[in-house]
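Quick mapping for you: the protein sequence lines, in order, are chains A and B. Its first residue numbered 0, the first sequence is counted upward by one per residue in numbering that gives the first Met the number 0. Its first residue numbered 0, the second sequence is counted upward by one per residue in numbering that gives the first Met the number 0.
Simulated from the structure, these hints should not be mistaken for lab results. Heads up, some of the hints might be wrong.
Computed from the model, here is a short list of chain A residues facing chain B with C-beta under 8 angstroms [as the list claims (entries may be wrong)]:
{"id": "1", "residue": "Leu58"}
{"id": "2", "residue": "Gly72"}
{"id": "3", "residue": "Gly76"}
{"id": "4", "residue": "Gly78"}
{"id": "5", "residue": "Ser80"}
{"id": "6", "residue": "Thr87"}
{"id": "7", "residue": "Ser89"}
{"id": "8", "residue": "Phe138"}
{"id": "9", "residue": "Glu140"}
{"id": "10", "residue": "Ala142"}
{"id": "11", "residue": "Glu145"}
A virtual CB, placed ideally from N, CA and C, is assigned to each residue, including glycine.
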Amino acid sequence: MTTSTDPAPTAGTARVDARLAVHLLRLGDDALVLGQRLCQWITRAPTIEEDMALSNIALDLIGHARTLFTLSGRVDGTGRSEDEFAFTRSDREFTNALLTELPGGDFAVTVARQLAYTHYAALYYEALAGSADARPAAFGERAAREVAFHRMHADNWTLRLGLGTPESSRRMQRGLERVWPYTAELFDEDEVVRHLAAAGTVPSPAPLRPAWERRVSEVVTRAGLTVPTPSQQLRGGRAGLHTEEFGPLIAEMQSVHRRFPGGRW
Amino acid sequence: MNGPTPSAPRPVPPPRPARAVAEVRALVEALPDPELPMIGLGDLGVIRSVAPAADGVLEVEITPTYLGCPALPAIVSAIRDALAASGHPEGRVRQVLSPPWTTDRVTAAGREKLAAHGIAPPVPAPANGPVPVAPIAVPCPHCGSRATRPHSPFGPSRCQSVLRCTACHELFPHLSAL
Numbered sequence: 000m001t002t003s004t005d006p007a008p009t010a011g012t013a014r015v016d017a018r019l020a021v022h023l024l025r026l027g028d029d030a031l032v033l034g035q036r037l038c039q040w041i042t043r044a045p046t047i048e049e050d051m052a053l054s055n056i057a058l059d060l061i062g063h064a065r066t067l068f069t070l071s072g073r074v075d076g077t078g079r080s081e082d083e084f085a086f087t088r089s090d091r092e093f094t095n096a097l098l099t100e101l102p103g104g105d106f107a108v109t110v111a112r113q114l115a116y117t118h119y120a121a122l123y124y125e126a127l128a129g130s131a132d133a134r135p136a137a138f139g140e141r142a143a144r145e146v147a148f149h150r151m152h153a154d155n156w157t158l159r160l161g162l163g164t165p166e167s168s169r170r171m172q173r174g175l176e177r178v179w180p181y182t183a184e185l186f187d188e189d190e191v192v193r194h195l196a197a198a199g200t201v202p203s204p205a206p207l208r209p210a211w212e213r214r215v216s217e218v219v220t221r222a223g224l225t226v227p228t229p230s231q232q233l234r235g236g237r238a239g240l241h242t243e244e245f246g247p248l249i250a251e252m253q254s255v256h257r258r259f260p261g262g263r264w
Numbered sequence: 000m001n002g003p004t005p006s007a008p009r010p011v012p013p014p015r016p017a018r019a020v021a022e023v024r025a026l027v028e029a030l031p032d033p034e035l036p037m038i039g040l041g042d043l044g045v046i047r048s049v050a051p052a053a054d055g056v057l058e059v060e061i062t063p064t065y066l067g068c069p070a071l072p073a074i075v076s077a078i079r080d081a082l083a084a085s086g087h088p089e090g091r092v093r094q095v096l097s098p099p100w101t102t103d104r105v106t107a108a109g110r111e112k113l114a115a116h117g118i119a120p121p122v123p124a125p126a127n128g129p130v131p132v133a134p135i136a137v138p139c140p141h142c143g144s145r146a147t148r149p150h151s152p153f154g155p156s157r158c159q160s161v162l163r164c165t166a167c168h169e170l171f172p173h174l175s176a177l
């Protein structure tokens, strides 16, 4: 896709910052991959309102990815477009957290995944809004408001399923257990993030984890459910090591571009 | 995800006299929003400024409503056309994210037009942070009753939700406070 905006005319913004570009790409990959997963619910959601809800949330997430990719391409000095990031990288080059690529599965799995991700993203984007760098700060400020809406949706469904029937409650609990082994990766801190955080360019997600646990536990408990304590925490997405289900997801997303390289409409 | 990119270069229009900045601003502000055509981009609060940039090129700064708004490419292209038509073919459109667009930017005239078209205007935008569980009552645009309740938080476009009036039983869209 061509970006819908002209670049800022100031030449000084071409400062190359490889680390920030890497980090923005991770955030963009999270948003794009989760958005793509949510798109798979379109026409399959339990109600027509839910079809609208999940597709609208997907639209927001893909919008976040577009902004982050464009910014990443500017920050790294390559000028790569959002299309190049989305459609011309191999599965090993995607750096999304594994949580975002998990198959939707039972609707309760999707709700649990949304609960975990939206509470994390809301905290992270609120913190990003305080960045010393105006570019990620502007994105964080904007995206935090949108994610707050997604979080409300996830909270409401968690409560509805948890307090619904014995069957819905059982499945919601199972959904939480399915996704919880993948939540720790969201808060991992590595050299890239440590360096950026020390400079005040982006926040580290690690210190946000207690707040995330508190907020998520509050909703889960209110829904009459139990926060899982998984025996293991799975990682790898940030390093390009993905789950078995990731390949088909990316292949589907890139299929039109692969068939018609450089095609436009 | 490709934006609408014309495959052939646009025909070069004959040169037109460049209109004054205030005139261009009025023209751009009057452009209809593709999803809410009853209100212009000005009333929607999307246009931030119309002014010559440092390099002398006329620049329109816009604040996107939602980052994933599907109408955005159409808005940008409509503004570019308007710039060209008013004698500024080199004019630019630039997105500015901060401070973010909120529904508080919708003007009083915009709110009236929305209501006249059966769309409840936005209640005051929530502060950053948790979205309140019990939103402020949205009056029904048909009968004015405040006895309304949420029906679906996601509506006919990304920026609208759907409510039901318990007095007149009508469903109505609401420009979701953001």
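Hint check results:
Residue-level restraint check for Leu58 (chain A) holds (minimum Cβ-Cβ distance to chain B is 4 angstroms; threshold 8 angstroms). Annotation: interface hint on Gly72 (chain A) violated; nearest CB of chain B at approximately 15 angstroms, more than 8 angstroms. Violation of the interface hint for Gly76 (chain A) is found here, the shortest Cβ-Cβ separation to chain B being roughly 20 angstroms, above the 8 angstroms cut-off. For Gly78 (chain A), the suggested interface contact is broken, since its CB lies about 17 angstroms from the closest CB of chain B, more than 8 angstroms.
Restraint check, Ser80 (chain A) versus chain B: the minimum CB separation of about 10 angstroms is more than 8 angstroms; hint violated. With 8 angstroms as the threshold, the beta carbon of Thr87 (chain A) stays out of range of chain B, its nearest partner Cβ sitting at about 13 angstroms, so the hint is violated. For Ser89 (chain A), the interface hint is violated, since its Cβ never comes within 8 angstroms of a Cβ in chain B; the closest pair sits about 18 angstroms apart. For Phe138 (chain A), the suggested interface contact is upheld, since its CB lies about 6 angstroms from the closest CB of chain B, less than 8 angstroms.
With a cut of 8 angstroms, the hint placing Glu140 (chain A) at the interface with chain B holds, because the nearest CB-to-CB distance is about 5 angstroms. Hint status for Ala142 (chain A) relative to chain B: holds, with the closest Cβ pair at about 7 angstroms, below 8 angstroms. The restraint placing Glu145 (chain A) at the interface with chain B holds, with a minimum CB-CB distance near 6 angstroms, inside the 8 angstroms limit.
Going through the hint list in order, the structure does not satisfy hints 2, 3, 4, 5, 6 and 7.
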